[in-house]
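2 protein chains.
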Amino acid sequence: MKNKKIPEITIMRLSTYSRILNESLEKGEKIISSKGISTLTGVSPDQVRKDLAYFGEFGVRGIGYNIEELKYNISKIIGTNRNWKIAIAGIGHLGGSLVTYPGFLARGFIMAGIFDVKNIGEKYGDLYVEHIDNFEKIAKEVGFDLGIIVVPREVAQNVADIMIKSGIKAILNFAPVMLEVPEHVEIKNIDLSMFLEILSYYMSLKHNEI
Amino acid sequence: MKNKKIPEITIMRLSTYSRILNESLEKGEKIISSKGISTLTGVSPDQVRKDLAYFGEFGVRGIGYNIEELKYNISKIIGTNRNWKIAIAGIGHLGGSLVTYPGFLARGFIMAGIFDVKNIGEKYGDLYVEHIDNFEKIAKEVGFDLGIIVVPREVAQNVADIMIKSGIKAILNFAPVMLEVPEHVEIKNIDLSMFLEILSYYMSLKHNEI
DNA sequence: CCATGTGAACGATTTCACAGCA
DNA sequence: TGCTGTGAAATCGTTCACATGG
Numbered sequence: 001m002k003n004k005k006i007p008e009i010t011i012m013r014l015s016t017y018s019r020i021l022n023e024s025l026e027k028g029e030k031i032i033s034s035k036g037i038s039t040l041t042g043v044s045p046d047q048v049r050k051d052l053a054y055f056g057e058f059g060v061r062g063i064g065y066n067i068e069e070l071k072y073n074i075s076k077i078i079g080t081n082r083n084w085k086i087a088i089a090g091i092g093h094l095g096g097s098l099v100t101y102p103g104f105l106a107r108g109f110i111m112a113g114i115f116d117v118k119n120i121g122e123k124y125g126d127l128y129v130e131h132i133d134n135f136e137k138i139a140k141e142v143g144f145d146l147g148i149i150v151v152p153r154e155v156a157q158n159v160a161d162i163m164i165k166s167g168i169k170a171i172l173n174f175a176p177v178m179l180e181v182p183e184h185v186e187i188k189n190i191d192l193s194m195f196l197e198i199l200s201y202y203m204s205l206k207h208n209e210i
Numbered sequence: 001m002k003n004k005k006i007p008e009i010t011i012m013r014l015s016t017y018s019r020i021l022n023e024s025l026e027k028g029e030k031i032i033s034s035k036g037i038s039t040l041t042g043v044s045p046d047q048v049r050k051d052l053a054y055f056g057e058f059g060v061r062g063i064g065y066n067i068e069e070l071k072y073n074i075s076k077i078i079g080t081n082r083n084w085k086i087a088i089a090g091i092g093h094l095g096g097s098l099v100t101y102p103g104f105l106a107r108g109f110i111m112a113g114i115f116d117v118k119n120i121g122e123k124y125g126d127l128y129v130e131h132i133d134n135f136e137k138i139a140k141e142v143g144f145d146l147g148i149i150v151v152p153r154e155v156a157q158n159v160a161d162i163m164i165k166s167g168i169k170a171i172l173n174f175a176p177v178m179l180e181v182p183e184h185v186e187i188k189n190i191d192l193s194m195f196l197e198i199l200s201y202y203m204s205l206k207h208n209e210i
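Protein sequences, first through last, are from chains W and H.
Each residue of the first sequence is one higher than the one before, counting from 1 in my numbering.
Each residue of the second sequence is one higher than the one before, counting from 1 in my numbering.
Heads up, a few of these hints could be off.
A few chain W residues facing chain H, derived, Cβ under 8 Å [claimed, not checked]:
no.: 1; residue: Glu8
no.: 2; residue: Gly79
no.: 3; residue: Trp84
no.: 4; residue: Gly96
no.: 5; residue: Ser97
no.: 6; residue: Arg107
no.: 7; residue: Ile110
no.: 8; residue: Leu172
no.: 9; residue: Met178
no.: 10; residue: Ile190
no.: 11; residue: Met194
no.: 12; residue: Leu196
no.: 13; residue: Glu197
no.: 14; residue: Tyr201
no.: 15; residue: Tyr202
no.: 16; residue: Ser204
Listed next, with one range per pair, are the computed distances between beta-carbon atoms [stated by the list, open to error]:
no.: 17; chain 1: W; residue 1: Ser44; chain 2: H; residue 2: Lys140; range: 35 to 41 Å
no.: 18; chain 1: W; residue 1: Ala106; chain 2: H; residue 2: Gly62; range: 52 to 58 Å
no.: 19; chain 1: H; residue 1: Glu23; chain 2: W; residue 2: Lys188; range: 16 to 22 Å
no.: 20; chain 1: H; residue 1: Gly167; chain 2: W; residue 2: Val117; range: 41 to 47 Å
no.: 21; chain 1: W; residue 1: Lys76; chain 2: H; residue 2: Gln47; range: 31 to 37 Å
Think of the hints as simulated: they come from the structure by calculation, not from any bench.
All figures in this text were calculated on a predicted structure; none of them were measured in a lab.
Just so you know, even glycine gets a beta-carbon here, dropped at the ideal spot from N, CA and C.
The task is simple: from the sequences and hints, build the whole structure.
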């Protein structure tokens, strides 16, 4: 129900439900049950219902969920009914690939500015690389909501500070450092190596068991 | 202690500890306390000690942890003391950027094969793009441990099946689908859009509070 | 009858508090 | 004394079981 703190993992699962609802819609389906969602996502039906119950009653007893409606409600919950504007800093290999990452646009995120300290003026999609020193000025014009940091770890905090000063509300950080941000800024750190290391751990575990 | 099931989040934190231990070593430090690790990672000191306690007693009471030693022990735990060989499938923007991702090599992962259905023969680093149809043959020669899937979601399961048939032990999947894999294969799914959606959720939360 | 919504039971993880030892 | 290692308590998340209502 309302007014309870929601675990982040619930939000992650909602994001997954949202994705598979789109796929079901594309297949022309209209109704789905928690069991159906479970099959497509690997999440237990109970869990699916509990996750949704945090936010309201979206289903019909004995029937299931109207897919279109549930999709709409989830997008309202996670905020993807708006079109957040993204600024990305760091156009190395990874950064460059994120600029054109099809998944972002598909979920309603708009790439609205790209920044670096070199290759200024180079074109990506329909944006040109701007110098990071112009971030604040351009942010005033464009109004970025969310920043993605893909710069070397030594300069990541600097870039974060610039973004925050310019009014960015959330940061997705791919640099392997813990960035210091004020209370009112949301931050999510992603270290891609970490995922390989988790797999490494499981592989070692098995190997050592034998 | 030994022989208890370890939560995956503990492994993720070990990976972080490992990273900051490297940084401390580079700065010439020798000893670190759980409090020091806490400062550098944002994990509580209690949590740090509990995480390490799953695997043994690595510290000295009243003193702290020898950094070099702890780093060695963690790398033994998560298996990064070995050099896992990686095959990557899908050399689009994201895939291409992962081939040369500096973080992977830095943590002991070796990019050992790259595969696609087009751009065959193109050079990345010191590897050439091979056709995915030759995966099994090349896997026999090279002995890949771990596969990274960065292909469109429609063909991701196919690619996974090929990798598994060729003896791959773990898969990191960037395609937004739940892949079916046998019990003995480890899989980790990453949907980059999900991270943006989590941030979107927190931004909406705040906006709606006002 | 069927699938949702939800308290209650359970299980897992984190925090607390302190004993143990250099 | 200072910091680790660890049971016990508290918190958090998941699963169970069933009442509810179309």
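Going through the hints against the structure:
The interface hint given for Glu8(W) is met, as the beta carbon of that residue sits about 6 Å from the closest beta carbon of chain H, less than 8 Å. Look at Gly79(W): its Cβ gets to within about 3 Å of chain H, closer than 8 Å, so that hint holds up. Contact between Trp84(W) and chain H, as hinted, is supported at the beta carbon level, the nearest pair being about 6 Å apart and thus within 8 Å. Evaluation of the Gly96(W) hint against chain H yields a held restraint, the C-beta minimum of about 7 Å falling below 8 Å.
A distance limit of 8 Å between C-beta atoms decides the matter here; for Ser97(W) the minimum to chain H is near 4 Å, and the interface restraint holds. Hint on Arg107(W) holds. Least Cβ distance to chain H is approximately 5 Å, under the 8 Å limit. With a least beta-carbon distance of about 11 Å to chain H, the hint placing Ile110(W) at the interface is violated under the 8 Å criterion. For the restraint placing Leu172(W) at the interface with chain H, the shortest Cβ-Cβ distance is roughly 6 Å, inside the 8 Å limit, so the hint holds.
Because the beta carbon of Met178(W) sits about 6 Å from the nearest beta carbon in chain H, less than 8 Å, this interface hint is met. Checking Ile190(W) against chain H by beta carbon gives a least distance of about 6 Å; that is within 8 Å, so the hint holds. A distance limit of 8 Å between C-beta atoms decides the matter here; for Met194(W) the minimum to chain H is near 5 Å, and the interface restraint holds. Hint status for Leu196(W) relative to chain H: holds, with the closest Cβ pair at about 6 Å, below 8 Å.
A hinted interface residue such as Glu197(W) counts as satisfied when its beta carbon comes closer than 8 Å to some beta carbon of chain H; here the least separation is about 4 Å, so the hint holds. Interface hint status for Tyr201(W): upheld, as the beta-carbon distance to the closest one in chain H is roughly 5 Å, under 8 Å. Taken as an interface hint, Tyr202(W) checks out: its beta carbon lies about 4 Å from the nearest beta carbon of chain H, inside 8 Å. With a least beta-carbon distance of about 3 Å to chain H, the hint placing Ser204(W) at the interface is held under the 8 Å criterion.
Restraint check, Ser44(W) to Lys140(H): a C-beta distance of roughly 39 Å satisfies the suggested window 35 to 41 Å. Look at Ala106(W) against Gly62(H): about 55 Å separates their beta carbons, and that is inside 52 to 58 Å. Our hint of 16 to 22 Å for Glu23(H) and Lys188(W) holds, since their Cβ atoms are close to 21 Å apart. At roughly 44 Å, the beta-carbon separation of Gly167(H) and Val117(W) lies within the given 41 to 47 Å, and the hint holds.
About 35 Å separates the C-beta atoms of Lys76(W) and Gln47(H), a value consistent with the hinted range of 31 to 37 Å.
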